[in-house]
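**Q** We have chain Z already, so just place chain B on it with the hints.
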Amino acid sequence: MKIFSKLYYEYRRIWKIIVLYLIISGPGIVVMVADNDAAGITTYAATGAKFGYNLIWFLLFLVPIAYFVQEMTVRLGVVTKRGHAESVFEAFGSFWGWFSLTNLMVVNWLTLITEFVGMTAALNLFGVPPYITVIGVCILMGIMVLNGRYWTWEKIALTFCALNLIYIPCAFIVNPPISAIINEGFIPNFPGGFNNTVFFFLMANIGTTIAPWMLYFQQSAVVDKGMKEKDIPWGKFDTMVGAILTIVVAIFIVIVAGTVLRGVEFESAAQAAQKLMGMNKYVGSFLAVGLFNAGLLGAICISLASSWAFGEIFGWAHSLNNKIKEAPWFYANYFITLISAGLVVLIPKAPLVLITLLVQVVSAMLLPATLVFLLLLLNDKKSMGEYKNNLFQNIIGISIVALIIVLSTLYAISVIFPNLFN
Amino acid sequence: MLKKIKIIKRQLKKVIKIFYEQHFERIIEINEKYASPRIATSPVVNFALTALKIYLVFIVGLLLYKLITLIY
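Protein sequences appear in the order of chains Z and B. Mapping to the numbering used here: the first sequence position 159 is 159, numbers consecutive. Mapping to the numbering used here: the second sequence position 64 is 64, numbers consecutive.
Next up, chain Z with everything else stripped away, as it sits in the complex (with noise of 0.2 Å):
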């Protein structure tokens, strides 16, 4: 009987947790799975297209870099009680406020432009016209934050977050050798030398785990959540849960690739899945959905980073528990943003190719400020206390940091002059 009571009790404690943790989890999860967005996929369907296997190793590293860059945006939100976009404004001045505001402004409506070339892409497979599309998605993303609610509209993308897991069965029914992932992917090499091809490709692997927006929308999601210093914990672990979510996915995309279009050339995810319905229509299937889920929990998030952003600045009232009367302008900034995007994608033969390169340039632009902000930001006793940064975290972060912004600013670089590493 005491055996009974004891595991009745433990159950009970155990549930206790998990139960907590759903009621914490959340702007974590969303912003590394929406990391996955439809440019990410492309570059990790890229890379297992072009080196099999052989870079999975390196994705392993990008878990300790996505976690410690945002686990220092939920101290800071938490703390501080302020989303970055007025952090930065109050703590750097209006110089470096407007700096960052409208290059991250400039940089999410053009990230929110190739989200929606991702949607329209994807579902164009399963015959779709891009305006049904683009319709649709403006109408959902409208439903999700107009239940004034943060709470469902959380637990809604959360959804979506799961959706993201779709690449995981897509491995299996592919049947890739195990062998061969753990002989060629775990261990540290460099397919053929550590060439400028390589580089490329590991400069866009570090490229799309860290985007500004990511910065800008956690610390405000945490805000809006209402986390309080005793939550700080559980932050630090959904988003540590987000972090490997992330890169697991990212990992099975690779492995996709690598066993069924090792050595095909291809632009886009989109491309990459028509190619798979040729050779496997359930798979390519699946990247198609995959894709545009993708598209669509990117667009959820860069559009909601802007308008809390701009919010927060002019002093609208900025919290998706406000109904559309008590904030007109934060969710004006949400639509307007969101469709004037999707209306772009729409346009014959708009300049999308040049909107891509765009992004790499602006975002090598606001993302080394972001960041050094960040580590400033974290390191002030006076509004951080007790939660600054230590010597340990002052040393990963800037070691991060500076990789971040070296890498990046080579690939931006490296966009603007395409033949420079060639």
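Please keep in mind that the hints were generated in silico from the structure rather than gathered at the bench. Take the hints with a grain of salt, since some may be wrong.
Said to hold, decoys possible - Computed footprint of chain B on chain Z; a stretch qualifies when at least three of its residues, placed anywhere within it, have a C-beta under 8 Å from a C-beta of chain B:
# : region
1 : 91-97
2 : 359-367
As the list claims (entries may be wrong) - Pairs of lysine-lysine, BS3-like flavour, derived with a Cα cap of 27 Å:
#  : chain 1 : residue 1 : chain 2 : residue 2
3  : B       : LYS53     : Z       : LYS325
4  : Z       : LYS81     : Z       : LYS349
5  : Z       : LYS323    : B       : LYS17
6  : Z       : LYS388    : B       : LYS9
7  : B       : LYS17     : Z       : LYS382
8  : B       : LYS66     : Z       : LYS323
9  : Z       : LYS325    : B       : LYS13
10 : B       : LYS13     : Z       : LYS323
11 : B       : LYS17     : Z       : LYS381
12 : Z       : LYS349    : B       : LYS53
13 : B       : LYS33     : Z       : LYS382
14 : Z       : LYS230    : B       : LYS66
15 : B       : LYS14     : Z       : LYS388
16 : Z       : LYS81     : B       : LYS6
17 : Z       : LYS349    : B       : LYS66
18 : B       : LYS66     : Z       : LYS325
Cβ coordinates follow ideal geometry from the N, Cα and C atoms, glycine included.
**A** Relative to the frame of chain Z, chain B by itself:
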């Protein structure tokens, strides 16, 4: 139909006018509110912000160079 379009046009103008009146004033207010940085300007902060400015000049310079070489 024409009458309806005129009403919509008038309403739209009104909204735009309110938006400009509210937000241009607001921008001035924001600039005044955040005129001076709150963070203590330690040597580390100074170094980081100067390095950032140099970096941005470098990136903008690269873009301008690319633009010029594209045009000519």
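**Q** It remains to establish, for every hint, whether it holds in the given structure.
**A** Each hint tested on the structure:
1. With 6 residues having a beta carbon nearer than 8 Å to a beta carbon of chain B, the region 91-97 of chain Z meets the requirement of three or more and the stated coverage holds.
2. Restraint check on the region 359-367 of chain Z versus chain B: 3 residues with Cβ-Cβ distances below 8 Å, three needed, restraint holds.
3. Among the hinted pairs, B/LYS53 with Z/LYS325 is inconsistent with the structure: their alpha-carbon atoms are about 41 Å apart, more than 27 Å.
4. This hinted pair does not check out: Z/LYS81 and Z/LYS349 have alpha carbons roughly 44 Å apart, beyond 27 Å.
5. The straight-line distance between the Cα atoms of Z/LYS323 and B/LYS17 is roughly 24 Å, inside the 27 Å bound, and the hint therefore holds.
6. Our distance criterion of 27 Å between C-alpha atoms is broken by Z/LYS388 and B/LYS9, whose separation comes to about 53 Å.
7. Taking the CA atoms of B/LYS17 and Z/LYS382, the gap is near 41 Å; set against the 27 Å cutoff, the hint is violated.
8. For the hint linking B/LYS66 to Z/LYS323, the alpha-carbon distance of about 46 Å lies beyond 27 Å, and the restraint is violated.
9. Pair hint Z/LYS325 plus B/LYS13 holds up; C-alpha atoms about 20 Å apart against a cutoff of 27 Å.
10. Of the pairs offered as hints, the one joining B/LYS13 and Z/LYS323 holds, with about 25 Å between alpha carbons and a cut-off of 27 Å not exceeded.
11. Taken as a hint, the B/LYS17 and Z/LYS381 pair is broken in the structure, with Cα atoms around 43 Å apart against an allowance of 27 Å.
12. For the suggested pair Z/LYS349 and B/LYS53, the alpha carbons sit about 36 Å apart, so the restraint of at most 27 Å is broken.
13. Restraint check for B/LYS33 and Z/LYS382: the C-alpha separation of about 19 Å stays at or below 27 Å, so the hint holds.
14. For the proposed pair Z/LYS230 and B/LYS66, the alpha carbon gap of about 50 Å is over 27 Å, so the pair is violated.
15. About 47 Å separates the Cα atoms of B/LYS14 and Z/LYS388, which puts this hinted pair outside 27 Å; it is violated.
16. Taken as a hint, the Z/LYS81 and B/LYS6 pair is broken in the structure, with Cα atoms around 45 Å apart against an allowance of 27 Å.
17. Proposed proximity of Z/LYS349 and B/LYS66 is supported: the alpha carbons are some 23 Å apart, at most 27 Å.
18. Note on B/LYS66 and Z/LYS325: the hinted pairing is violated, with a Cα-Cα distance of about 46 Å set against a maximum of 27 Å.
Hint check: violations occur at hints 3, 4, 6, 7, 8, 11, 12, 14, 15, 16 and 18; the rest are consistent with the structure.
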